[in-house]
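Residue numbers for the sequence shown, in the numbering used here: 16 to 214.
Don't read these hints as lab results, they were simulated from the structure.
Simulated restraints, written as ranges between beta carbons of each label pair:
| id | residue 1 | residue 2 | range |
| --- | --- | --- | --- |
| 1 | LEU40 | LYS137 | 21 to 29 angstroms |
| 2 | GLU149 | ASP186 | 14 to 22 angstroms |
| 3 | GLU109 | GLU149 | 27 to 35 angstroms |
| 4 | LEU84 | LEU40 | 31 to 39 angstroms |
| 5 | GLU87 | ASP191 | 27 to 35 angstroms |
| 6 | GLY70 | LEU209 | 47 to 55 angstroms |
| 7 | LEU211 | ASN92 | 38 to 46 angstroms |
| 8 | ALA77 | SER192 | 34 to 42 angstroms |
| 9 | SER173 | SER119 | 29 to 37 angstroms |
| 10 | GLU132 | ASN92 | 13 to 21 angstroms |
| 11 | GLN113 | ARG181 | 24 to 32 angstroms |
| 12 | HIS198 | LYS57 | 34 to 42 angstroms |
| 13 | GLU149 | PRO93 | 20 to 28 angstroms |
Within a straight-line C-alpha distance of at most 27 angstroms, the following computed DSSO-like cross-link-like pairs (lysine-lysine) qualify:
| id | residue 1 | residue 2 |
| --- | --- | --- |
| 14 | LYS96 | LYS68 |
| 15 | LYS137 | LYS96 |
| 16 | LYS88 | LYS67 |
| 17 | LYS168 | LYS88 |
| 18 | LYS96 | LYS67 |
Remember, it's a predicted structure, so these values are computed and weren't measured experimentally. Cβ atoms here follow ideal geometry from the backbone N, Cα and C, with glycine treated the same way.
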Amino acid sequence: MTLIIGLTGGIGSGKTAVSDHFGSLGITIVDADIASRVVVEKGKPALDAIAKKFGPDILTSAGELNRPLLREKIFANPDDKLWLEQLLHPLIGEEIRQQLENSSSPYTVFVSPLLLETEQHKLANRILLVDVAEELQLQRTMARDNNSQEQVKAIMASQASRHTRREMADDIVINDSTLEALHSKIEDLHQQYLTLAKN
16 MTLIIGLTGG IGSGKTAVSD HFGSLGITIV DADIASRVVV EKGKPALDAI AKKFGPDILT
76 SAGELNRPLL REKIFANPDD KLWLEQLLHP LIGEEIRQQL ENSSSPYTVF VSPLLLETEQ
136 HKLANRILLV DVAEELQLQR TMARDNNSQE QVKAIMASQA SRHTRREMAD DIVINDSTLE
196 ALHSKIEDLH QQYLTLAKN
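Whole structure, please, built from the sequences with the hints as guidance.
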């Protein structure tokens, strides 16, 4: 198995900008969010189970998962959230492991918003944190997702605190400047990870 860099950060911190740049440098990106979509695709058993539990309204007219509605339901009901996690976490874990094993780049970047809140951090050899001030997280997420301040704060509250993330990280990239500055930091890390992967 190649060297695995676990990439995480709070909502709105810029994880996608970071992983996209690693991808442009030829590095395989395994994304937990994408894995979580794969396991609930049309025709997958997990989607049938979700529709059985929450009723047909949880599906769009195309028969796909209505994510915003599901998110609303599980944020309103902790028991439903727990049920969903117990259904999906093992399936997502399996999908992630398969993708990591199939990676052929010198090292692999594994992106997960909940890397440190779940057992997923155990899949990584090093943890890279994209860090920004909470105020900036709030502004960016509201602008990007068109969410209310309350919604964004609820999501932030469900993630590990900034302090906890900083304590658990091996490497930290502060993303409060330009995209060029961010890319330059990633290229430095890329060289460091290539060296680590050789050893």
